[in-house]
Amino acid sequence: MVEGLRAYRMIAGMWVRSGMTYRTSFVFTLFGNLVLTGMDFVGILLMFSQVDSLAGWSLPEVAFLYAASVTSFGLAHLAAGSMPQLGTRIRDGSFDVLLVRPVPVLAQVGGDRFSLRRLGRVVQGGAVLGWALVAADVDWTVAKVLLVPLMVVSGAAIFVALFVAGAAFQIYAQDAAEVQNAFTYGGTTMLQYPPAVFGKELVRGVTFVLPLAFVNWVPAAHVLGRPYPLELPGWAAFASPLVAAACCALAGLAWRTGLRSYRSVGS
Amino acid sequence: MSGRMGTTAGSEGAFIEVDRVEKVFDVRRRKGLLRRERHQVRAVDSISFTVARGEMVGYIGPNGAGKSTTIKMLTGILTPSGGRLRVAGIDPSRERTRLAHRIGVVFGQRTTLWWDLPLIDSYKLMHRMYRIPDARYRENLARLVELLDLGDLLEVPVRQLSLGQRMRGDIAAALLHDPEVLYLDEPTIGLDVVSKTRVREFLRQVNAERDTTVLLTTHDLQDIEQVCSRVMVIDQGRLVYDGALAGLHEVGESERTLVVDLERECPPVEVPAPARVVRVDGPRQWVAFPASEPAAALVTRIAERYPLVDLSVREPDIEAVIAQMYAERAGRAPTRSPQSS
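Those sequence lines, one after another, are chains A and B.
6 is the number of the first residue of the first sequence in the working numbering; add one for each residue after it.
19 is the number of the first residue of the second sequence in the working numbering; add one for each residue after it.
These aren't lab readings, by the way, just hints derived from the structure by calculation.
The model shown is predicted, which means the values in this text are computed figures rather than measured ones.
Mixed in with the good hints, there may be bad ones.
Below are the EDC-like pairs computed for lysine to aspartate or glutamate, each with C-alpha atoms no more than 20 Å apart in a straight line [to be verified]: (1) B/Lys-214 / B/Glu-164; (2) B/Lys-142 / A/Glu-236; (3) B/Lys-214 / B/Asp-167; (4) B/Lys-142 / B/Asp-109; (5) B/Lys-142 / B/Glu-157; (6) B/Lys-142 / A/Asp-117.
To spell it out: a stretch of chain B is covered by chain A in this simulated footprint if at least three of its residues, at any positions, have a beta carbon under 8 Å from a beta carbon of chain A; those stretches are [claimed, not checked]: (7) 93 to 107; (8) 113 to 123; (9) 133 to 144.
Where a beta carbon is used, it is the ideal one built from N, C-alpha and C, also for glycine.
Please put together the full structure from these sequences, using the hints given.
Laid out in structure tokens, this is it:
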């Protein structure tokens, strides 16, 4: 674990330094990312120019959901955004190269092509989050103040677990990157809207099977003083870190199993 | 730590130990919509050999014979399905990361360097990844840069290097941490003659200076001739020859060719079997005879009876020898040549 983090820092650091060689290009793509990911929010703004509320949620409240989802996903994407490319590495055989190096493979896959340009999404999400927190009508308590950062970090960890589990799955099925994207990108988009918009079965699925609801829906309901989806008990809002830890443990297990069953390519 | 008695005992004799190692792949093939057929492919079938520290061994065989699979098991990339395997006393697949510090690997067809970064960045990262002491790193880098002529390439992104340059860069990367054994999988594939020669010279030098054990797979028999003192031939997952290169001729029952120039056109010369005339072209005739027999008797006999002007002996083409060996082989046990130690 310690060795893995050290390796990750080392590899990510090298990519950051090399990325900084072209400063103008860096600034432009960072800005581009910011604008591009911000278009989603513009969509929500346009929608609210026609309606006053969405399933009973006001604009600042939906903005809060949106921002929490985007920031968590942005952090996870920053940390592990290269994992979906694992299938390509396995197909072209370059995955073998990672296996003969003396540092954990997961750190090498995760740190590969690390780029601060991905911060665009985090910055954009953070800005909307700031605005939503001020604009929304919240009855602030100490617990709620603590819950906001806890929610963002736990949400990021849940998405990281998804990236890792997806990578593990790609060891078996090398062309499964799209399946992974459906869960990660699809998940973050879904979480930008109130749970009441979706069917009950779907909400149940993303609460108990793939616990995406703990990224923002459940803790946000607590912060905003709204009823929990599926009438979950009151403590559920604070369960996000536990859910995140369980997800990471399962993903780690899946990764180890996948790695053990790796069979390489023919040459 | 390699100080355990169990691993050091006899390690002078065997740095790499491979004992009845097998690798079986489960292959599933779709048959129809739902039915799937499973069958097993034995990529490596009970192979045994040992390599002593400092040996230079060539590992050859046709495509799909199991060469790469063997190398992947020796580096810990793949887990053997059966048998026992040790490199420097370490079980590769169980302690892959620990072993990684002691081995260097060069994959001819893919690079271990970071494609988009300047060559030097890859080396800097290796420095930290392998925890190479600073002084040792600087010394090794300087030496490798000089020997492999990488001075002008260090700031060039790897993707802009030519194949030969990249290969030299890869070899340097594999040796920065002073590995005790260097595996090279097709190190000269696609290189021009000059680059090939350079790589071969370098490998000999590293072996002489550092006593690095070298195991290389290749299609190019010149790699073997110029670098390796020992050759192992694998076919269909089995070791069919293990010994000195020269010994291959005898095992393969290959033939040498005596080319004689006579004063004038003659009918085919009479020679005792199994020698025979294989071609006549004007005054020149080609006589094939077993490679294991000396040419002298044959030459004397021809000189006595025919107006001999000139002669030359052609050594058999090793590729032909090996091709013949594959053709003849019918599940025989590996043969060791008398020359091998």
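Status of each hint after checking the structure:
The straight-line distance between the Cα atoms of B/Lys-214 and B/Glu-164 is roughly 17 Å, inside the 20 Å bound, and the hint therefore holds. Taking the CA atoms of B/Lys-142 and A/Glu-236, the gap is about 55 Å. The hint is violated against a cut of 20 Å. As the CA atoms of B/Lys-214 and B/Asp-167 are separated by approximately 14 Å, the hinted pair is consistent with the 20 Å bound. This hinted pair does not check out: B/Lys-142 and B/Asp-109 have alpha carbons roughly 29 Å apart, beyond 20 Å.
For the given pair, B/Lys-142 sits about 13 Å from B/Glu-157 by alpha-carbon distance, which is consistent with the 20 Å threshold. At roughly 16 Å between alpha-carbon atoms, B/Lys-142 and A/Asp-117 fall within 20 Å of each other, so this suggested pair holds. Check on the stretch 93 to 107 of chain B: 5 of its residues sit with their Cβ under 8 Å from a Cβ of chain A, so the three-residue criterion for coverage holds. As drawn, the stretch 113 to 123 of chain B meets chain A at 7 residues by the rule of a beta-carbon pair under 8 Å; at three or more, the given contact holds.
Only residues whose beta carbon comes within less than 8 Å of a beta carbon in chain A count, and the stretch 133 to 144 of chain B has 6; three or more means the coverage holds.
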